[in-house]
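Listed below are the residues making up each chain.
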Amino acid sequence: MKPSTILTVAALSGIPALAALSLALTVHRPHDVTFTEQGVSVAMHLSQDGDWLQTTFTPQRPGFHLYSVGLPADGVEGLGRPTRVEVAGALRSRGPLTAEAPLRMLTIQGVDTAFPVYPDGPVTTDLPVAVDGHGDAKVLVSYAACSPRECMMPVTGHPVEISAAALAAMR
Amino acid sequence: MSMVAVASAATGLTGCSGPDRAREPAGAAHPLSTASSAGGHEAAGRNQAPGRDQGQGHDHGQAAVPPLAVAGTVPAAPISAPLLPPSGTTPLVSPPTPAAADGNHLPVPDHAAAKDSSAKNRVPPPALPAPPPPHPHASAPRPTFATIPGLANLPDDSRSPAITQLFNAFAAAQYDGKPVLLDFGADWCPACKALDKAMQTPKARSVLAESYHVVHIDLGNGDYGNTMLASLYDAYGTYGMPLLIVLSPDGAVRVDTARSGQPKYDEANFTAWLKRWVR
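Chain order of the listed sequences is A and B. Counted from 1, the first sequence has number 15 at position 14 by the working numbering; the numbering is strictly sequential. Counted from 1, the second sequence has number 79 at position 15 by the working numbering; the numbering is strictly sequential.
It is worth saying that the hints were derived from the structure and are not from the lab. Just so it is clear, the structure is predicted and the values come from calculations on it, not from any experiment. Please note that the accuracy of each hint is not assured.
Stated by the list, open to error - Output of the computed footprint for chain B on chain A, the stretches with three or more beta carbons under 8 Å from beta carbons of chain B:
| no. | stretch |
| --- | --- |
| 1 | 36-42 |
| 2 | 70-80 |
| 3 | 109-116 |
| 4 | 150-157 |
Unchecked claim - A short, non-exhaustive set of chain B residues, derived as facing chain A with CB atoms under 10 Å:
| no. | residue |
| --- | --- |
| 5 | Gly-249 |
| 6 | Ala-250 |
| 7 | Pro-254 |
| 8 | Lys-257 |
| 9 | Leu-283 |
| 10 | Leu-296 |
| 11 | Tyr-300 |
| 12 | Pro-306 |
| 13 | Gln-326 |
Said to hold, decoys possible - The calculated label-pair distances, taken between Cβ atoms and stated as ranges, are:
| no. | chain 1 | residue 1 | chain 2 | residue 2 | range |
| --- | --- | --- | --- | --- | --- |
| 14 | A | Ser-42 | B | Asp-330 | 24 to 34 Å |
| 15 | B | Ser-324 | A | Glu-38 | 20 to 30 Å |
| 16 | A | Ser-164 | B | Asp-314 | 45 to 55 Å |
| 17 | B | Val-317 | A | Gln-110 | 19 to 29 Å |
Even glycine gets a Cβ: it sits at the ideal position worked out from N, Cα and C.
Please model the complete structure; the sequences and the hints are all you need to start from.
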């Protein structure tokens, strides 16, 4: 079960302790691999069983959001840029990238198109992966953070090199 | 100035369309012919004043002086004076006037009196019209890359067409005193599209045409030169798009939305923002 799902269940169950423990699993952990670029802090780690690569995107400024993982590469009518997490090397993806955050359709004054975006603030994505052999892994991260009046420069394929040791530590 | 006005009138309002925002297209490689209109948009590849050459034939550094010969006011030629004998010669003796049939003498022409009267009747040439007062910036030296703040520091391999457009805009700005508006954006950026639409509203278009030199700079394709140009004003990673920067003719920054915040993109608010930074 994905950590984010555990959090959801715990929150719905009304068990504060369990919810707090689950929340602890989703915040940055000491062995998270992190970077910050174009106004977004990115932190990623592997689930303990190694089946999920969890990546949390946190816009640094209020009012900024990220676009849906399902947005086409060129956006909607050329507008917007999707959130992407891709793996290579010792990590292999087993399925599509998903996000637990609800989508909303955003319209901007003066623009006729509506865009599927996540709520303002942090959003966590989950990529089912498999550790494929030994060695280093590479993760390519793409995203664009926007507000209704401003868009940061898009990040396309930001490479994150993860050594075998770090890969093990991330779990 | 007249050529600039013609260019402005003909093409000044066509550079900021939304769908084809003309963000410094790759083919805009006419540095000397990309017109910096007196009051229009500097869309790359557009707004070309045929034959306009900022560097030759029209020195913006000198005040415009009207020609001495103004059409319709050719100085009057002097009245022809009667011939006079040269000094030292035997004065001509007027032949005796023929007797009139009735015996009366015909009047003797009084050449001396005629000479005196022609001098009195001579119309002085009309006074030349006073030259117009020199433009406040007419005496400013023509800008070069070295004189525009920051451009001299750009690496040679970053001299993109957008930078040439910026240079031309400064040349025009230093002539007419209008500020330069830099509009950094990308075609994938929804907020940039919203700004495009705001720029096309009637009131905003009017202010832009009358009061600004606008340079659109595309950051969507990762153009190195354009990115370097933006980095002259804001560090990479610190600004969002659209990035609007208003520059005085001397290159001083009047406002930078990376620091001041974005204006609202409705007609009223955006027009007010434009008017605020004209002076």
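Violations among the numbered hints, reported as their numbers in ascending order: 10
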